[in-house]
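Peer 1: What follows is the residue order along each chain.
There are 2 protein chains.
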Amino acid sequence: MHPDAHLSELFSPASIAVVGASRSPIKLGHVLLSNLISGGYRGTIFPVNPAGGEILGLTAYPTAADLPRPPDLGIIVLPREQVLQAMRELADAHVDAVCVITAGFRETGRDGFELEMEMAELARRRNITLLGPNTLGLINTGIDLNATIAQAMPAKGSISFFSQSGALCAAILDWADGESIGFSKFISLGNKAGVSEADVLEALGDDPDTKVIIGYLESVEDGRKFQSRARLVTEKKPVIMIKAGTTPAGARATSSHTGAMAGNVEAATAAFKQAGIIRVESLEELFDLARAFAAQPLPEGPNLTVVTNSGGPGILAADACEDAGLNLARPSLATLEKLTEALPPFASIYNPIDIIGDAKAERYRATLEAVAEDELTHAILVLLTPTASAEIVETAQAVIDVAKTCAKPIFASFMGDERIGPGRDMLLKAGIPCYGYPEPAVRAISAMLAHYRWKNRPYPVEVCFRRDKGRAERTIENALNIGLTELPFADAMDIAAAYELPVPETRLVRTSEQAVRAAKKMGYPVALKIESPHLSSRGEVDGVALDLHTPREVRDAWLAITARAQRKRPDIYIAGCLVQTMGPVKAREVVIRFTRDPQFGPLISFCMAGPSAEVLGDVSYRLAPLALHDVQDIVREIRSFPLLRGVRGGEPVNLTAIEDILLSMSQMADDFPEIREAELNPILVDAEGAFVTDMRITVGPI
Amino acid sequence: MHPDAHLSELFSPASIAVVGASRSPIKLGHVLLSNLISGGYRGTIFPVNPAGGEILGLTAYPTAADLPRPPDLGIIVLPREQVLQAMRELADAHVDAVCVITAGFRETGRDGFELEMEMAELARRRNITLLGPNTLGLINTGIDLNATIAQAMPAKGSISFFSQSGALCAAILDWADGESIGFSKFISLGNKAGVSEADVLEALGDDPDTKVIIGYLESVEDGRKFQSRARLVTEKKPVIMIKAGTTPAGARATSSHTGAMAGNVEAATAAFKQAGIIRVESLEELFDLARAFAAQPLPEGPNLTVVTNSGGPGILAADACEDAGLNLARPSLATLEKLTEALPPFASIYNPIDIIGDAKAERYRATLEAVAEDELTHAILVLLTPTASAEIVETAQAVIDVAKTCAKPIFASFMGDERIGPGRDMLLKAGIPCYGYPEPAVRAISAMLAHYRWKNRPYPVEVCFRRDKGRAERTIENALNIGLTELPFADAMDIAAAYELPVPETRLVRTSEQAVRAAKKMGYPVALKIESPHLSSRGEVDGVALDLHTPREVRDAWLAITARAQRKRPDIYIAGCLVQTMGPVKAREVVIRFTRDPQFGPLISFCMAGPSAEVLGDVSYRLAPLALHDVQDIVREIRSFPLLRGVRGGEPVNLTAIEDILLSMSQMADDFPEIREAELNPILVDAEGAFVTDMRITVGPI
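Quick note, the sequences are listed as chains Z and H, same order.
According to the working numbering, the first sequence is numbered sequentially starting from 1.
According to the working numbering, the second sequence is numbered sequentially starting from 1.
Take these hints with a grain of salt, some might be off.
Copies of the same chain are indistinguishable here, so a pair counts whether it falls within one copy or spans any two.
Claimed, not checked - Each computed DSSO-like pair below joins lysine-lysine, with the alpha-carbon atoms no more than 30 Å apart:
(1) Lys586 x Lys404
(2) Lys455 x Lys429
(3) Lys211 x Lys156
(4) Lys586 x Lys529
(5) Lys455 x Lys529
(6) Lys27 x Lys520
(7) Lys27 x Lys360
(8) Lys455 x Lys469
(9) Lys338 x Lys455
(10) Lys455 x Lys27
By construction, these hints were calculated from the structure, which means they are not laboratory data.
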């Protein structure tokens, strides 16, 4: 990391004070100092210990005040009660950054929480970068800095890792050791009293030694900040993350672990997506992807060519491709000719290219050379099973040789263990990701393609619609002034009209004759809906009649609706009925909502109307403000999208009309923080356009 | 395997002739013979080679006719052209079984296919058990038999593996070598000209040395036979399988690999499910589960208790539990008391039990001993990350010690590689499945619970409903006699009535006055539906009016419907309209269909009505005949089931009414092979009962 980059005081200190350095090998203060020394750190180390003297060959100072010069970084490894005092002394000694290894703060209850708040406040006041408390520490292999209480020091490499779980860092350091995978920075976030995941992400984004960022999070401190910083970082390099605590059981475990409330899962998911973060579901996938991104270029399209010496794994790869949205494209004619020449007659030259069980290394080499030049192929996957004829090491060498001259990403799956081991190790050392099974290789390629598409997506277009903000403002103010939280229907529709949403013409009438006159003026057909401030849903009294074509139908409906309402709810005040122009009759129905997430802000959702979408969880989410591609994505992302595009010869609906409403809602969320929630349900949509028939708005003081 | 068990001539031959045994070490005939010898096979081996003499120290015979006595098993490793002749000679020598290693048959095209058919016919005629062609061979570790062309011989153990892909066998043999996992039998099915997967499954089911069966299949030879045999085997032991070629891309790859047509995916999935086979999606999962089933008892309930020395992995395990349908139940009060005593104050004694990063082996031991006795816990998962304080080997020993006296299944995930390696190896050797991450451990436990529930499911209840088979038979015969394939509506409804399905009363009328009279007789409300032999769908002419309450509404509807039909389709004959009693008005709508799968027989499906179910793939399938638990499962399996159970205070529908219709359809499928397809769409269902409003039946000669 450049000295002037963010957090350089943490990652690249010229000098470090270890407060709590100890002579006793079982104490963490000893472990940390010893790790610093044995890691080969070349800066100055100042052990601080009240007894002074010498520790591990270094002069120890009784207090931070005794240090010969201000250290860049102070690391505190003391009992909880002594931490604040030590931090004050470091502040007085003009330290730039402090890392508190000590645990026992927020995660243990109220006392710890208050101590942690004091610590954070002190850091803010004295302008100190604070990492922790309750952190395992950090590593920067670039300057041989191992400032952790973990034992292992990973090999140098281009992956950086940050984690909210210290123990996970320890596991990964151990794992990295055995897998010839190299790291640049390692940072255990601890309780995040100072440095947050957003800060670290930004720093790693600017770090020239970091090519791939991987992270483990349980909670996000400031959702908006995290999202906006992450979006900038993912333009430059892949960010792969696992978010734990996404299920109810996981969320309960999280809150008992960190004392943090897990946020709204949908909001977090949308934030990750809109920031271009690659989200994975398991640790295994996290490392599978890290390895792939670190070693290979991104595929520039979805066409994967599979070369295999056995049919079965080829089929499994084909299944995995279909699931992951990759194509097994047929090679070009030129390539097919080369393959026909190079391969025996029983080989399958289409894709998967099955070069058969008796294939030796040279057959792999010839095939790979042909495929490397195939202009229709975007990525290559080499499968090998250890058949009697297989030349494992020689085949690995052939893959490595071809990869050297090939701009396309190449991946391998050598299946087995003992026999294929030497070949696998060669591949890994040469930067060819090699997996034990075809499926994870295919998933990695698919994730890389998604990242390629993210980086090459069109520049986000922000749209600003005309609207009468003053009119909406007056309506909302009025409601707030009289203490309303839920706007009356008419007011909500008025705001909709102010945003030029396609709403029906609506009039409140008090008699059936007024209804007939209103209908005549608007033009038939009309709808009639009971109106009462005491009804939360008209369905409760069956208070809606649709598609009324004649005065007589309107009168009949009036009678039926009002009589039913009086019978079913004799206790309520009935203001009359609304007469409305009818929307399209054979329309499909969709719903747009927004709510405000405490961490991530306004969350807009889209789904088909009806209980089915909810039961099946077929709802898509995005955080506002929405750009043009966001609204296009949110509409297409629901699994029911074919119903809008038209199935079995059905006409496609006017998607632009829906997208326009989504953009307006995004704007409304931005214009009026007073609007807490809004729901358009249902919106009728057909080939012509969309039609908002009902809107609910909940408001509250800011 | 017992000598009298199935396929003992293959798995436990007393003598083996290797036809094509060769002196040249690069020939497969040499490799196979050499593997047989070095594997330590204790029976008699007869090399057969035209040159005679001695091969690898054994006397070779010029032809099978020269053998001193009939071999139990003949293995053919010859060029394709010589295979049939060799098989004839073996038959004349009274061989019991033949295994054909040679490839180049069905998988290579028509010539090969015909040769293979000849071979199969010869085996049938001469009563020879035929394995292959195109097989890697087979292994029986119990008698040190390695009759394969693969190099490795796995350790002895209780897992048996069969595979349609020979190369996969090779990969797995290599993999097993490195993972201290033991096998009993290994069989490469090859082209399945003789022995099929059903035969092998049955044999392994009866094999006392096999505790867990795992398999890889691309196609199934005889679906019905496979399903019925598998069902018996899974009563005794777990069968874990991966079925490749389940996506369109995978199916294309399969057919180019084996020449076999991949069957209907839904039918195969239903067959696996109804046979109690544990289906996995990846090779990794196949082995993860095999290891778990081989080593641990089944959990007898869903309550998993997680013990961890770090919060993060605990949360990941909790997320995985939620996804897999397991509970993280709170331990009993007695256990909580023990834990409070044994653990430091910052530990979390609830589940996941977080014994914190400084935990040494003794803290693990005390916790595990308490959990082992906890009466609410059904299974235990021990997580360890290599923190500075972790005692890895000692913790592994504690787990092993507790497991010895604990009847509950215990699993571990030691995370990392180098440092945790010795602990992991100890656990694996001691039969404690140890995974690199928490997620696969949780998935394995969940699969074991599913198998436990399968084995303890209620005895299947077969239901036979009263029906008027003769009446249905006459209707179908009439239709077939006049060459119909799709039955007229009235006939289909007649068959429905013969099966006592809840159908509306229906009359065909020719004038509006007849319609009014019919309606009066049936009782209002009624429905009116256009009837014409030339319409495939009434929707085409908008030819349905529902919920008619008065003579006037019936007359208006008559006029509207017939006029529309004449205007839109002036070319067709209109027979009149059907008057029908109306079903429930506010009902939910479901669909029941059956089709016939060429491999697995009648396939019954169930879904909600409307395009949504189809688009979202929310359809459940079962193969007929259906038992009582099948129809209960098929209804509850759709993701939309909450819509039937009632959401947001909605009333639950009468599920028994739907189940009865499913049982009747199953019976109809069984009674009349002439019925090729049938569809009840929609069936109206409410809290009272179900009501079949439309039925389509397609028939054809048997």
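Peer 1: In ascending order, which of the hints set out earlier in this document are inconsistent with the structure?
Peer 2: 1, 5, 6, 8, 9 and 10
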